[in-house]
Amino acid sequence: MAEEVLAPLAGKVLSVAVAVGDAVEEDDELLVLEAMKMETVVYAPADGTVGSITAQVGQQVEEDDPLMTLD
Amino acid sequence: MAFFEQLGILALTPGMVVMWLIGVTLMYLAITKEYEPLLLLPIGFGVLVANLPLTGLMIPGEGLVWRFYHYGVEWEVIPPLIFLGLGAHTDFGPLLSQPRLIFLGAGAQGGVYATFFAAHAFGFTLQESATIGIIGGADGPTTIFLAAQLAPHLLGACAVAAYSYMALVPIIQPPIMRLLTTESERKIRMKKARKVTAREKLLFPVAATIVIVLLVPASAPLIAMFMMGNLFRESKVVERLTDTAQNALMNIVTIFLGVTVGATMTAETFLRGDVIFIFVLGLVAFSVSTACGLLLAKLMNLFTNDKINPLVGAAGVSAVPMAARVAHKMGAEADKKNYLLMFAMGPNVSGVIGTVVAAGIFLRMLG
Chain A
1 MAEEVLAPLA GKVLSVAVAV GDAVEEDDEL LVLEAMKMET VVYAPADGTV GSITAQVGQQ
61 VEEDDPLMTL D
Chain B
1 MAFFEQLGIL ALTPGMVVMW LIGVTLMYLA ITKEYEPLLL LPIGFGVLVA NLPLTGLMIP
61 GEGLVWRFYH YGVEWEVIPP LIFLGLGAHT DFGPLLSQPR LIFLGAGAQG GVYATFFAAH
121 AFGFTLQESA TIGIIGGADG PTTIFLAAQL APHLLGACAV AAYSYMALVP IIQPPIMRLL
181 TTESERKIRM KKARKVTARE KLLFPVAATI VIVLLVPASA PLIAMFMMGN LFRESKVVER
241 LTDTAQNALM NIVTIFLGVT VGATMTAETF LRGDVIFIFV LGLVAFSVST ACGLLLAKLM
301 NLFTNDKINP LVGAAGVSAV PMAARVAHKM GAEADKKNYL LMFAMGPNVS GVIGTVVAAG
361 IFLRMLG
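Read top to bottom, the protein sequences are chains A and B. First residue of the first sequence? That's 1 in our numbering, and the numbers climb one at a time after it. First residue of the second sequence? That's 1 in our numbering, and the numbers climb one at a time after it.
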């Protein structure tokens with residue numbers, strides 16, 4: 001079952017470290033958000049494979065917005 | 001002969017040269033270390049030019065920089081305009097989503113009051129003590145606002161101390177935070193806050209102005225402008241005014257404020273033993289405020305199941321958003337998936353209000 005990765009806080013997507021199909025382990029870095037001029041890393045909540053990525057670099061996201069899914 | 005009398009170099013004193021070094025040091029810190037460069041760069045340059053002899057820049061009624069000081073600071077124009085811009089930048093959402101965090105912003109003013117009493121015990125007048133104590137709020141414009149009215153001769157020293165400690169938040173706060181919290185406390189993940197509606201954000205600046213000004217009328221110049229700036233932002237109908245308050249106006253008044261504060265730091269007013277003491281007391285004020293915020297959060301945890309990470313209490317000093325960033329980083333050090341930034345912003349913005357209220361109380365009692 002796919003697990004959604006949600007934005008832990010509002011911010012701008014600075015970079016995405018993974019691509020669709022990548023296998024990730026829990027706590028691997030997925031992407032970096034910028035909030036209050038500070039970089040905040042979003043980590044994988046569980047082991048899985050990146051199913052889809054909705055977050056685009058440069059995009060402004062709100063808290064709890066979906067960023068990607070892990071299968 | 002008259003030509004030689006007008007040569008500045010012959011009127012130079014050793015104290016002036018020492019002040020040049022201080023001015024250059026501030027400019028160095030601003031440029032190379034990027035410590036509060038928007039303020040420390042013009043302050044540093046202001047120190048330099050104010051200590052060049054025979055310029056007349058600070059002669060009352062005549063000098064160019066004196067006019068900036070008189071009409072900008074003594075007339076209480078510039079600090080409230082800075083607050084207009086700060087209000088236009090501030091999102092009260094994190095505070096409104098967890099109103100209990102406002103207590104942390106109030107509690108973190110403990111250092112202000114403790115240092116007020118300590119400075120008085122060391123022989124400073126009540127007015128001077130209040131001005132030194134307010135450094136603990138780590139809020140530059142409020143410090144300048146209060147100093148101009150209660151102890152203008154300390155304005156330069158207190159303003160530089162406040163801005164220095166704001167810049168040094170990431171260095172000063174972490175050891176205190178580590179000392180007063182356990183690893184497991186730093187790992188506390190706070191419960192997601194509720195969503196705040198646009199209507200709540202719109203009503204807040206109006207309601208807060210009424211309540212705070214009714215309680216502490218002397219805080220009105222800063223609070224009223226702060227909340228008007230915030231009303232611009234949240235109304236969403238005056239984007240041009242919001243943008244001007246946030247950027248162009250803020251930048252203009254920052255230039256005048258910086259050079260003016262610097263120019264108050266002449267050798268006669270700054271090179272005195274008590275100025276070093278002011279820096280020490282200011283550091284004590286700031287450290288005690290940090291500790292008070294942390295300890296109050298721990299105290300609140302004794303009475304609630306919905307635990308507060310004590311680190312966000314340290315953000316109750318008003319250095320926005322540096323103190324919130326420090327709380328976030330410290331939380332992430334203990335648990336990399338702990339995102340405290342927005343929780344810390346609540347006490348952080350309420351700390352701004354807390355410092356202004358403290359200044360208003362001092363003004364009412366001592367002004």
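Each hint should be verified, as a subset may be incorrect.
Listed next, the in silico DSS-like pairs over lysine-lysine satisfying Cα-Cα at most 25 Å (straight line) [to be verified]:
{"id": "1", "chain 1": "A", "residue 1": "K12", "chain 2": "B", "residue 2": "K195"}
{"id": "2", "chain 1": "B", "residue 1": "K33", "chain 2": "A", "residue 2": "K37"}
{"id": "3", "chain 1": "B", "residue 1": "K307", "chain 2": "B", "residue 2": "K336"}
If you're looking for bench data, these hints aren't it; they were derived computationally from the structure.
Hint-by-hint comparison with the structure:
1. A:K12 to B:K195: holds, 19 Å
2. B:K33 to A:K37: holds, 17 Å
3. B:K307 to B:K336: Roughly 18 Å between the alpha carbons, so the hint for K307 of chain B and K336 of chain B holds.
The structure agrees with every numbered hint stated previously.
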